[in-house]
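There are 2 protein chains.
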Amino acid sequence: MKIAFLGPAGTFGEMAALQYAPDAERVALPSHAGVVAAVGSGMADVAVLPVENSVEGSVSETLDILIHETDLRVRAELVVPVEQCLLVRPGMQAADVGVIYSHPQALGQCRGFLERCFPRARLEASLSTAGAVQEIFRHADAAAIASARAGDVHGAEVLARGIGDRKNNVTRFVVLAAQDAQPSGQDKTSIAFTTQHDRPGTLVRILNEFADAGLNLTRIESRPSKDQLGVYIFLVDFEGHRQEEAVAAVLDRVRAKASWLRVFGSYPRFAG
Amino acid sequence: MKIAFLGPAGTFGEMAALQYAPDAERVALPSHAGVVAAVGSGMADVAVLPVENSVEGSVSETLDILIHETDLRVRAELVVPVEQCLLVRPGMQAADVGVIYSHPQALGQCRGFLERCFPRARLEASLSTAGAVQEIFRHADAAAIASARAGDVHGAEVLARGIGDRKNNVTRFVVLAAQDAQPSGQDKTSIAFTTQHDRPGTLVRILNEFADAGLNLTRIESRPSKDQLGVYIFLVDFEGHRQEEAVAAVLDRVRAKASWLRVFGSYPRFAG
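Chain order of the listed sequences is A and B. Per our numbering: the first sequence = residues 1 to 272. Per our numbering: the second sequence = residues 273 to 544.
Rather than coming from a laboratory, the hints here were simulated on the basis of the structure. Treat the hints loosely; a few may be bogus.
If we take Cβ atoms under 8 angstroms as the criterion, some of the chain A residues that face chain B in the derived model are [stated by the list, open to error]:
1. 57
2. 122
3. 123
4. 126
5. 127
6. 192
7. 228
C-beta: ideal position from N, C-alpha, C; glycine also.
Construct the complete structure from the given sequences, taking the supplied hints into account.
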């Protein structure tokens with residue numbers, strides 16, 4: 001099996017790929033859109049994409065790819081701990097750090113640590129955490145924020161670990177493939193739908209279909225339609241498999257009420 | 273009146289401040305948290321913060337500040353067009369552009385334009401679009417993506433305008449102050465609440481309160497609780513003012529069903 005992830009080696013996406021299929025061949029792609037295209041074109045069999053972080057919330061780019069750019073199905077979910085580390089060139093000391101590189105989101109996640117421990121260091125943005133690690137070999141006074149695995153891969157040293165401001169920082173990934181999963185008895189289903197925006201009660205009427213059937217919603221999220229402010233696409237995860245009779249009946253009723261419905265797939269609930 | 277915004281001069285936040293109160297004294301702060309703190313501490317009377325973009329979706333940082341970090345109320349909303357421009361040093365030509373700086377989000381918004389017109393240019397991240405404009409005066413082959421106003425403020429020239437991949441790109445801002453607004457007859461109210469996460473039907477029961485009272489929901493959004501994956505804070509905007517009798521009755525019923533409820537304020541609907 002070949003598994004596509006957002007590269008380079010050392011990203012949390014690679015850690016998700018390793019967790020899902022330790023023995024699979026890993027294929028690094030340079031963008032989330034590329035990860036999905038790799039499966040569509042046969043370069044890989046499955047793709048891992050982050051959907052949600054416990055601190056930052058939804059990964060909008062993945063949701064938009066699921067909605068707009070792929071027909072692949074969700075066949076699994078997994079949860080990966082996110083532990084940010086401060087990485088330096090081997091042998092470098094904390095006192096030598098003058099500038100710290102990372103993706104703006106990772107810099108934001110570690111703001112408390114940076115203010116307490118490196119109040120005078122300059123912060124510089126990179127396009128990825130892996131790109132930040134490369135900067136430490138270009139500048140004598142540079143450190144980077146990235147995963148410990150990124151440090152291993154690029155030959156950097158961990159100066160401090162667990163430097164994120166929030167504990168319990170985890171990211172939920174989905175595994176995409178041509179087919180979703182067969183029923184396991186402990187499943188979830190992910191869907192997206194739109195409502196007629198001149199009839200605002202429709203969202204509540206649709207959510208009532210799940211409540212009336214006793215299907216627990218585990219998540220509800222909205223994304224902009226991108227055409228007009230105030231018009232949204234709703235994403236809902238709920239317990240149950242689309243092949244179960246009661247679930248199929250609810251999906252039929254939701255389809256009748258919604259302007260548009262897409263079932264991303266049914267898959268076993270992540271059990272840790 | 274003094275109005276705080278995310279600086280430096282030339283940001284879309286400054287354009288929102290100008291649109292809300294053209295004659296007010298503008299106070300630039302270096303972070304969204306700083307913008308809010310400026311009002312709390314008396315440096316400014318009101319603050320403008322972006323909450324939602326028609327293409328990118330919610331501005332998570334603002335939602336989290338409203339939920340966790342301030343008691344200020346929402347007293348107005350406004351919608352500002354987002355037009356990204358390619359800025360260069362005066363006199364520089366397109367053929368001279370070797371590297372393009374911007375915040376990763378702005379680079380992402382202009383991906384189609386960059387691939388078509390500058391396929392060989394290197395893309396570099398900055399911590400802000402305004403920071404990107406400063407780079408064009410440091411590097412001979414650099415251009416930046418930012419607003420036309422940022423170009424004016426920093427003495428740059430607009431080489432191309434409207435370079436975002438999506439048209440109708442607008443950002444909705446809220447205006448925060450110690451008090452929300454008096455009823456105007458055409459109002460909206462913004463609230464946040466949590467449900468007991470072991471009782472998943474509660475969200476639907478709460479939304480039904482609005483539907484049963486005929487109050488249109490204009491927006492529903494969720495944010496992570498940050499403590500545990502799968503536990504959310506819901507943000508809802510609906511039509512009506514909290515001082516109207518019917519709205520106050522619904523809020524009482526929602527408060528009884530929710531684990532926690534916060535009313536951010538009532539304010540006139542933006543009419544363009």
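Structure-based check of each hint:
1. Taken as an interface hint, residue 57 (chain A) checks out: its beta carbon lies about 5 angstroms from the nearest beta carbon of chain B, inside 8 angstroms.
2. Given the 8 angstroms rule on beta carbons, the hint for residue 122 (chain A) is violated: about 10 angstroms separates it from the nearest Cβ of chain B.
3. A hinted interface residue such as residue 123 (chain A) counts as satisfied when its beta carbon comes closer than 8 angstroms to some beta carbon of chain B; here the least separation is about 7 angstroms, so the hint holds.
4. Annotation: residue 126 (chain A) was flagged as interfacial toward chain B, and the flag holds, the nearest CB pair being 6 angstroms apart, inside 8 angstroms.
5. Here the hint on residue 127 (chain A) is kept, as its CB sits about 5 angstroms from the closest CB of chain B, short of 8 angstroms.
6. A hinted interface residue such as residue 192 (chain A) counts as satisfied when its beta carbon comes closer than 8 angstroms to some beta carbon of chain B; here the least separation is about 14 angstroms, so the hint is violated.
7. Annotation: interface hint on residue 228 (chain A) holds; nearest CB of chain B at approximately 6 angstroms, less than 8 angstroms.
The earlier numbered hints that this structure contradicts are 2, 6.
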